Amino acid sequence: MDQFTLNLLFVGASFALYIGIAVWARAGSTSEFYAAGRGVHPVTNGMATAADWMSAASFISMAGLIAFTGYDNSSFLMGWTGGYVLLALLLAPYLRKFGKFTVSEFIGDRFYSPTARMVAVICLIVASTTYVIGQMTGVGVAFGRFLEISNTAGLLIGACVVFAYAVFGGMKGVTYTQVAQYVVLIMAYTIPAVFISLQLTGTPIPALGLFSETTATGGEGSVYLLTKLDQIVTDLGFASYTEAHKDNLNMVLFTLSLMIGTAGLPHVIMRFFTVPKVSDARWSAGWALVFIALLYLTAPAVGAMARLNITNLMWPNGTGGDAVAVQTIETAPEYDWMLTWQKTGLLDWEDKNGDGLIQYYNDGSDAMAEKAAANGWEGNELTNFNRDILVLANPEIANLPGWVIGLVAAGGLAAALSTAAGLLLAISSAVSHDLLKGQLTPNMSEKAELMSARIAMAVAIGVATFLGLNPPGFAAQTVALAFGLAAASIFPALMMGIFSKRVNNVGAVAGMLSGLIFTLVYIFLHKGWLFIAGTNSFPDTVDGSLFGIQSTAIGAIGAIINFGVAYGVSMMTKDTPQEIKDLVESVRIPAGAGTAVDH
Amino acid sequence: MAEQSTHAKAAEDGAGYWAANVRIIVISLIIWALVSFGFGILLRPLLSGFAVGGTDLGFWFAQQGSILVFLALIFFYAWRMNRLDREYGVEED
Numbered sequence: 001m002d003q004f005t006l007n008l009l010f011v012g013a014s015f016a017l018y019i020g021i022a023v024w025a026r027a028g029s030t031s032e033f034y035a036a037g038r039g040v041h042p043v044t045n046g047m048a049t050a051a052d053w054m055s056a057a058s059f060i061s062m063a064g065l066i067a068f069t070g071y072d073n074s075s076f077l078m079g080w081t082g083g084y085v086l087l088a089l090l091l092a093p094y095l096r097k098f099g100k101f102t103v104s105e106f107i108g109d110r111f112y113s114p115t116a117r118m119v120a121v122i123c124l125i126v127a128s129t130t131y132v133i134g135q136m137t138g139v140g141v142a143f144g145r146f147l148e149i150s151n152t153a154g155l156l157i158g159a160c161v162v163f164a165y166a167v168f169g170g171m172k173g174v175t176y177t178q179v180a181q182y183v184v185l186i187m188a189y190t191i192p193a194v195f196i197s198l199q200l201t202g203t204p205i206p207a208l209g210l211f212s213e214t215t216a217t218g219g220e221g222s223v224y225l226l227t228k229l230d231q232i233v234t235d236l237g238f239a240s241y242t243e244a245h246k247d248n249l250n251m252v253l254f255t256l257s258l259m260i261g262t263a264g265l266p267h268v269i270m271r272f273f274t275v276p277k278v279s280d281a282r283w284s285a286g287w288a289l290v291f292i293a294l295l296y297l298t299a300p301a302v303g304a305m306a307r308l309n310i311t312n313l314m315w316p317n318g319t320g321g322d323a324v325a326v327q328t329i330e331t332a333p334e335y336d337w338m339l340t341w342q343k344t345g346l347l348d349w350e351d352k353n354g355d356g357l358i359q360y361y362n363d364g365s366d367a368m369a370e371k372a373a374a375n376g377w378e379g380n381e382l383t384n385f386n387r388d389i390l391v392l393a394n395p396e397i398a399n400l401p402g403w404v405i406g407l408v409a410a411g412g413l414a415a416a417l418s419t420a421a422g423l424l425l426a427i428s429s430a431v432s433h434d435l436l437k438g439q440l441t442p443n444m445s446e447k448a449e450l451m452s453a454r455i456a457m458a459v460a461i462g463v464a465t466f467l468g469l470n471p472p473g474f475a476a477q478t479v480a481l482a483f484g485l486a487a488a489s490i491f492p493a494l495m496m497g498i499f500s501k502r503v504n505n506v507g508a509v510a511g512m513l514s515g516l517i518f519t520l521v522y523i524f525l526h527k528g529w530l531f532i533a534g535t536n537s538f539p540d541t542v543d544g545s546l547f548g549i550q551s552t553a554i555g556a557i558g559a560i561i562n563f564g565v566a567y568g569v570s571m572m573t574k575d576t577p578q579e580i581k582d583l584v585e586s587v588r589i590p591a592g593a594g595t596a597v598d599h
Numbered sequence: 001m002a003e004q005s006t007h008a009k010a011a012e013d014g015a016g017y018w019a020a021n022v023r024i025i026v027i028s029l030i031i032w033a034l035v036s037f038g039f040g041i042l043l044r045p046l047l048s049g050f051a052v053g054g055t056d057l058g059f060w061f062a063q064q065g066s067i068l069v070f071l072a073l074i075f076f077y078a079w080r081m082n083r084l085d086r087e088y089g090v091e092e093d
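Chains as they are written, first to last, in this note's numbering: chain A, 1 to 599; chain B, 1 to 93.
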């Protein structure tokens, strides 16, 4: 059986499983559509949250970004897990006690202002839509590879599948299908990593393998994997893997931005409305992180090992010998993956100096210029290596059996689909439940509400697909921008709503608006207005940027502005009324948390 | 009279519960920041003497150690708060 058929088989079987579960647990009423009847055990909920959370960004994109940058991109690892600490300690139990369906309902009630609710809805829509753009980038890569078509065609087909999937589901379907998706995606991520870790270090646990000695040194005896990696990448003029090259300020702000954003994204917070008790909300966050950590502890190993494997494949005779021949790439079976990925347009090479070999090195490095001149190299000949393909290509790069490759294809699609569906649901509930039913047309029927939810999904996915064709960055980078937006707008409002009795309606609205607008404008100035390439005023580099802060890190500053403005404005305006102070008191104490109610 | 004092006591307990909760949160967040922003980034040069598998302890904290500490923190908090709920009699039924 060829690889294409095998991929189809794995992807088909996993989809049949998800759809089967969705049909079995089909959402009936609107309350089930949004929050699954609140009967979900913390472990189950943790697993579903993990599937919801680990998207194309975590699964498909993150290890690739770490692989080609090394230590500096540790921010993704710390940021996307550290946020759960904030969520568990500062938000989840209180929002569960409050007992409404959506984040914006809390903001509307706590700040006794329909305007505040409206602003929260807008913040949620902006952050979630940006997030979906990142997901669609990943969907394009995954579908492109597994159907062996161009990235663009893969994206368009993927968009239709995601839409059908989200419309079909509803949260209840989504909760149990997401448990299944979690199982598929964690197996797909860890199994190849275990194989590769065994190949390179003899250690079956990739997280330990990362810090073990490697046997793949070409007869130099055994050295630590990371030492070897540092040596070969610096030989080729690239920055060393384990050292820091980014300034501390940007790294801290970027990490903080991802952490705060994690605790401010609606599709994750919504999960904590679905547990039966306040104490369960605390445990749920812990269980979610357990299941997330299984992937996040493996990811840095996947990145480092893939970088080592790729470099060794490009320099089969060592970095001091001859590079790989074009003919070898075109004929040898262990290079088949390069031909397959070339079809997607995400990987390419060119024999610039016509010597029949493909030299992969950093042609931007001064140290390499001399070596290149001496050897007659005319630039890096591995001309395109899209970071987002690394995880999906990884089992092929390591020459693993066909079923592992099929499994990874199924896992990558599960990751992208589950999060895209969760986000579309959050967007659609924001529009239909909060915006239309809550504000504009309160007398809307249940049927009309469901219909408007679906229209909102269609519009969101249309926009995301259009922008996904020309994305503002690799999947995880675009997603990082979404986190910055959530960090600057939603998280401060939620936290102040619980931890301060003094912050009032005017303060909250002013805070959210200034945080959101500041962050959005800063991102657009560096990434292009509405993410349209070429319309940016500043280059998105540390040195070229407006305040010396990269757009992915600006969310943390936006959050500080939000806190500051909200507090300042509140102090200058009227104190909160007594019933709001009582509401805050009641949210802080677990006793008396009934089942949540809609209004 | 009796009713008023019960009411005052409840409010006092509520305040005590909240203060205890905030104290636990602050301590947890100090540890949270120390392992990630501290050991993983800013204090990494100070930890360069501790070698871990071909690199240093700061690299390990940035890529794995911080995640393990985060996990421990959340479970500690959930366990501690459930106990605190009972101490102040504010747990759910």
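These are calculated hints, taken from the structure and not from any lab test.
Note that the coordinates shown come from a computational prediction; the quantities given were computed from them, not determined experimentally.
Using N, Cα and C, we set each Cβ at its ideal position, and we do this for glycine too.
Do not take every clue at face value.
Facing chain B, from chain A, some residues (calculated, C-beta under 10 Å) [claimed, not checked]:
| id | residue |
| --- | --- |
| 1 | 24 |
| 2 | 79 |
| 3 | 86 |
| 4 | 100 |
| 5 | 236 |
| 6 | 237 |
| 7 | 239 |
| 8 | 293 |
| 9 | 377 |
| 10 | 378 |
| 11 | 435 |
To spell it out: a stretch of chain A is covered by chain B in this simulated footprint if at least three of its residues, at any positions, have a beta carbon under 8 Å from a beta carbon of chain B; those stretches are [claimed, not checked]:
| id | region |
| --- | --- |
| 12 | 243-257 |
| 13 | 506-520 |
Contradicted hints - numbers only:
1, 4, 5, 6, 7, 9, 10, 11, 13
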